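Visitor: In case you want the letters, here they are:
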Amino acid sequence: MFVHNLRLGAKSLRRNPVLTALMIMSIGIGVAASMITYAVFRAVSGNPIPQKSSVLFVPQIDNWGPTYNRAGEPPPALNYTDAMALMKAKKAERQTVFFPISASVISTTTERLPFKVRGYATFGDFFPMFEVPFLYGSGWSHESDDAHEAVAVISKELNKKLFDGANSVGKDIQLDDGTYRIVGVTDTYDPKPRFFDMFNSDGYTDPAQVYVPFHHMMDLKVDTWGNNTCGGGPNRGNDYQSWLRGECVWLAAWVELPTKADEDAYRSWLRGYAEEQQRSGRFGWAPNVRLRNVVDWLDYRHAVPPESRIALTIAVSFLIICLVNTVGLLLAKFMRRAPEIGVRRALGASRAEIYKQFLAEAGMVGLSGGVLGLILTGAGMFGTGLVFGKEIAKLAQLDFSLVLLTLVVAVLSTLIAAFYPTWRAAQVQPAWQLKSN
Amino acid sequence: MQIKPILAALRRHKAGTFLIAMQIALTLAIVCNALFIIQQRVTHLSEPTGIDEADIFTIQNEWVGKHTDVELNAQMQADLQAMRSVPSVADATASNSFPLRGGGWDDGIKLDPAQVQDSSGTAIYFADPNTIDTFGLKLIAGRNFTADEVRSMGMRDNLKPASVIVTRTLADKLFPDGSALGKPIYLAGEQTTIVGIVDMLQTQSVDRWASSFRYRSLLVPARLTIELGGFYIVRAKPGQRDEAMKAVKQALFAQNPRRVIDDEVGMLTFDQVRAIAYDRDRGMAILMGIISVALLAITAAGIVGLTSFWVGQRRKQIGVRRALGATRRDILGYFMTENLLITSGGIIAGALLAVIMNLWLVTRFEMSRLSLAYLLVGVILLLLLGQGAVLAPAMRASKVSPVEATRSI
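For the record, the sequence lines run as chains A and B.
The first sequence begins at -3 in our numbering and counts up by one.
The second sequence begins at 210 in our numbering and counts up by one.
Note that these hints are calculated values from the structure, not bench results.
Among the clues, some could well be false.
Stated by the list, open to error - With beta-carbon atoms standing in for the labels, derived distance ranges:
#1 A:His0 to B:Lys608: 21 to 27 Å
#2 B:Gly498 to A:Val312: 34 to 40 Å
#3 B:Phe574 to A:Ala6: 44 to 50 Å
#4 A:Thr255 to B:Val251: 39 to 45 Å
#5 B:Arg221 to A:Ala342: 22 to 28 Å
#6 B:Arg417 to A:Glu271: 55 to 61 Å
#7 A:Lys386 to B:Gly448: 44 to 50 Å
#8 B:Pro393 to A:Arg267: 41 to 47 Å
#9 A:Ala6 to B:Asp471: 55 to 61 Å
#10 A:Gly379 to B:Ile212: 44 to 50 Å
#11 B:Trp418 to A:Gly277: 47 to 53 Å
Just so it is clear, the structure is predicted and the values come from calculations on it, not from any experiment.
Even glycine gets a Cβ: it sits at the ideal position worked out from N, Cα and C.
Make the full structure from the sequences, and use the hints.
Guide: Right, dumping it as structure tokens:
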């Protein structure tokens, strides 16, 4: 019976090729528009580290006070004083602070021109905290941190450039005027958005290529390649040393707190620290601290670009219009066949039969629209770079789940659109139609 | 044309009428807002920078290894000398940034050191006596910097310029009575004096957050001598930009090879700088354009489809009317008027929807209010679209022969 219905549907669709083509195009375009923008939206609103997003936290301490902070919120990073206090206290299971660096890689053997690599000066905890995958070796230990050792972790890409992809652990790398012993080579590590560094970037820039110990970089007085935010406050310092003691924030900080109890304990420790600063006279205001996990942090830092939200909203409205259009066209198509329905009903077909027949026909339209939509989505993926920028467009991919979703959305929405026209078709009175028209 | 019989007929086709009206309403709402977004973005991306863009290119120069401020200052002066002596180069300068770069140093200006709130935000550009000529700025009052005013500034040194040059917009903001020249102001806590005013110089970021101090920029006589490097801005002689870019790169590496100029983004023509800065705005405008055209096409298709159906349904009635003496014009007029009525209904609902949608966009995405002109454009566009779409089926209806009245099916 189902096959028979399909055959009837196909026959009817062939009878008005223009109307059928209009419906398929309408659904195809609508579905493609929503799917392209949804793919981008999905790419940027995803959770970059789902397995740990509830145990990684950003501690924030208000060192600017109510006069200079933004709408009561503490600054989005720490100054050197607070960052070092946090690292020394070791109140969390793991903790790290870091700042972006830019270093020249100098080739000692070949005549290659120096080139720049970007990366982070950080602590050994960085690697297990953010689950950085390693190809060779590993991150460095707490001992290396404490001994201010000149070690380095490099990316797979840099390893390929310098060592042709061979295991380079134990070899040296020349960064500016210093020599660093390589202890690890990371596998591709590029979470999007780069949740841990939303302070220095919009989260979609190229991945880090080198990591070096924080203390060693501080000994060399290496300056941050990233942001230094003073927020209009007075205590900025007027040379390197007083800048370090000043209230400009430039260090991103993260702590790992495995349980709710740890989280509560850490929050009260933060408050206690701020109280202590108030007592010592550094803060002239009540403690104002925050402890946000990954999801809250991404939300707070607006990781999803507004373009993406606007585009998704418009694309969904677009799909709705296409559906309204399909309702109209299906209605025209179905009602034109009122005499045929009348004959079928008079010959004994139940209302349910009529429903089945017309929904099968609509389903075929939906499926064809879905296939057209799929083709258009595939073509449209090349155009996403125009709207959202290259970095973000790279993330949007036409994978299996999207293909499936495109077809499901097309068929389902067409069936929904077909409901009213089908209902009208089923209401056709046989007697009325059989009368000479 | 009599409206009453048309209304009576429409009452028999409630669903179809409602669907077309609703589609027109939704289309109007979206097309108005889309057109408005396009207009806003296009206006935004064609704002002038105030500099001579055609011949300018920028170089991001990064140093290799450790250097003292003194070494870097000498090296930069040697670089500038080398670039200026390239035959195709008109002038060159060093700075921390340039308009449309995206980010850089912005700071607050106070008129009184005891003030808590800044009097204005400003973009800070490091400059030397050649900056005004390199950018092609117009000095409208006061004087240019002199060579001995230019001081070297290290990474965490305080900015303490003895003099500054401000844009007219900034001067007017700080001193609305027009007396800015020679006045003391406080920049990053230090007192300085306005010695010159330039006509126009855009800020570094064109993003929304920086729009509160758009075109309020300031030049300080300083040279940024930091290991992270900085920017050189070069103006080529007219029409010689491409030669100049090659020659300048060679001249710099001949001067000192211990530097990095990135292959991809190290040297950019100002056209490229502009294209990068407005990437998203252009993309958004294109997207809205595509969506509007597709929407209008789909709505037109819907009207054609549904009207064709009605015409098919009413062939017999049309035949009767024709037999009773109605002219072809009458039949054509009937369908055109019918469409006009439905479209008008849709437009009224759509106008309301457009305003609601805009209000929602305003609250969610900090967009501006929809101007009524766009609503009017949208209304006219949809009226024309409706009439255009209905024309073909209506023509077909008008060709129905009176004989049809006598046929039984």
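Visitor: Hints first: check each against the structure and report whether it holds.
Guide: Evaluation of the provided hints:
1. Checked against the hint of 21 to 27 Å, the C-beta distance between His0 of chain A and Lys608 of chain B comes to roughly 38 Å, which is inconsistent with it.
2. The hinted window of 34 to 40 Å between Gly498 of chain B and Val312 of chain A is violated, with their beta carbons roughly 19 Å apart.
3. The supplied range of 44 to 50 Å is met by Phe574 of chain B and Ala6 of chain A, whose beta-carbon atoms lie about 45 Å from each other.
4. Our hint of 39 to 45 Å for Thr255 of chain A and Val251 of chain B is violated, since their Cβ atoms are close to 53 Å apart.
5. In this structure, Arg221 of chain B and Ala342 of chain A meet the distance hint of 22 to 28 Å, their C-beta atoms being roughly 24 Å apart.
6. Our hint of 55 to 61 Å for Arg417 of chain B and Glu271 of chain A is violated, since their Cβ atoms are close to 37 Å apart.
7. Taking 44 to 50 Å as the suggested C-beta distance range, the pair Lys386 of chain A and Gly448 of chain B does not conform, at roughly 31 Å.
8. A C-beta distance of roughly 43 Å is found between Pro393 of chain B and Arg267 of chain A, which places it inside the suggested range of 41 to 47 Å.
9. At about 59 Å, the CB distance of Ala6 of chain A to Asp471 of chain B agrees with the hint of 55 to 61 Å.
10. A beta carbon spacing of about 46 Å between Gly379 of chain A and Ile212 of chain B agrees with the range 44 to 50 Å that was offered as a hint.
11. A hinted range of 47 to 53 Å is violated for the C-beta pair Trp418 of chain B and Gly277 of chain A, which are about 34 Å apart.
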